[in-house]
Amino acid sequence: MRDRAKRGLALPEIIYQPSPYTHDIGQCDACAPVAVVSPHRHPETVTSACRYIRSAVMIQSIEPTGYYTLISPQLTTLVVVNTSALMYINFFIQPQTVDTVPADWQAAWGHETITTLHEQLVTLGLLQPVVS
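Per our numbering, the sequence shown starts with residue 1, numbered consecutively.
Everything labelled a hint here was simulated from the structure, so no lab data went into it.
A hint or two may mislead.
For each label pair, taking beta carbons as the anchor points, the in silico distance ranges come out as [said to hold, decoys possible]:
1) A107 - E13: 14 to 20 angstroms
2) H111 - E63: 28 to 34 angstroms
3) T97 - E63: 31 to 37 angstroms
4) V131 - Q74: 28 to 34 angstroms
5) A107 - Q74: 31 to 37 angstroms
6) D104 - Q74: 28 to 34 angstroms
7) P73 - A107: 21 to 27 angstroms
8) P73 - H111: 31 to 37 angstroms
9) P102 - V122: 24 to 30 angstroms
10) T116 - E63: 23 to 29 angstroms
11) D99 - E63: 32 to 38 angstroms
12) T77 - T113: 30 to 36 angstroms
13) V122 - P64: 28 to 34 angstroms
Quick reminder that beta carbons are idealized off the backbone N, C-alpha and C, glycines included.
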């Protein structure tokens with residue numbers, strides 16, 4: 001399992017709160033994600049540096065956990081993902097079918113995990129559905 005994590009192949013994880021996320025995208029609230037991640041990890045610091053993964057989705061790193069808050073006006077909930085899930089989102093910035101997932105991800109995560117992850121990300125509005 002550690003080898004997978006070192007190579008970025010830990011199982012993807014998405015954590016989200018069902019309540020509406022009401023902050024403006026420019027506010028970059030550093031306190032909100034800590035409550036979501038803290039049951040799983042105990043972050044010592046939260047960085048305030050943000051970057052965009054595409055025009056309307058900004059990510060904020062929660063150090064030293066390896067989790068990221070996704071901030072976007074299109075999201076109806078606060079979303080926190082781990083490094084593997086973020087890699088998956090970045091891979092699908094250009095819409096494509098799920099069968100294009102790299103073979104090493106397929107081997108490490110399995111078809112069911114990939115299908116579930118993809119469906120969650122489409123439902124949350126982070127990926128666009130593509131009909132094959």
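How the hints compare with the structure:
1. Range check, A107 to E13: Cβ separation about 18 angstroms, and the 14 to 20 angstroms hint holds.
2. Checked against the given bound of 28 to 34 angstroms, the beta carbons of H111 and E63, roughly 33 angstroms apart, stay inside it.
3. For T97 and E63, the hinted distance range of 31 to 37 angstroms is satisfied, since their beta carbons lie about 34 angstroms from each other.
4. Taken as a hint, the range 28 to 34 angstroms is violated for the pair V131 and Q74, whose Cβ atoms sit roughly 21 angstroms apart.
5. Range check, A107 to Q74: Cβ separation about 32 angstroms, and the 31 to 37 angstroms hint holds.
6. Restraint check, D104 to Q74: a C-beta distance of roughly 30 angstroms satisfies the suggested window 28 to 34 angstroms.
7. Hint check: P73 to A107, Cβ distance near 36 angstroms, so the stated range 21 to 27 angstroms is violated.
8. A hinted range of 31 to 37 angstroms holds for the C-beta pair P73 and H111, which are about 33 angstroms apart.
9. Distance hint check: the CB atoms of P102 and V122 are about 19 angstroms apart, inconsistent with the given range 24 to 30 angstroms.
10. Separation of T116 from E63 is about 28 angstroms and conforms to the stated range, judged on CB atoms against 23 to 29 angstroms.
11. A beta carbon spacing of about 35 angstroms between D99 and E63 agrees with the range 32 to 38 angstroms that was offered as a hint.
12. The supplied range of 30 to 36 angstroms is broken by T77 and T113, whose beta-carbon atoms lie about 21 angstroms from each other.
13. Remark: the range hint 28 to 34 angstroms for V122 to P64 is upheld by a beta-carbon distance near 30 angstroms.
In the structure shown, a violation is registered for the earlier hints numbered 4, 7, 9, 12, in ascending order.
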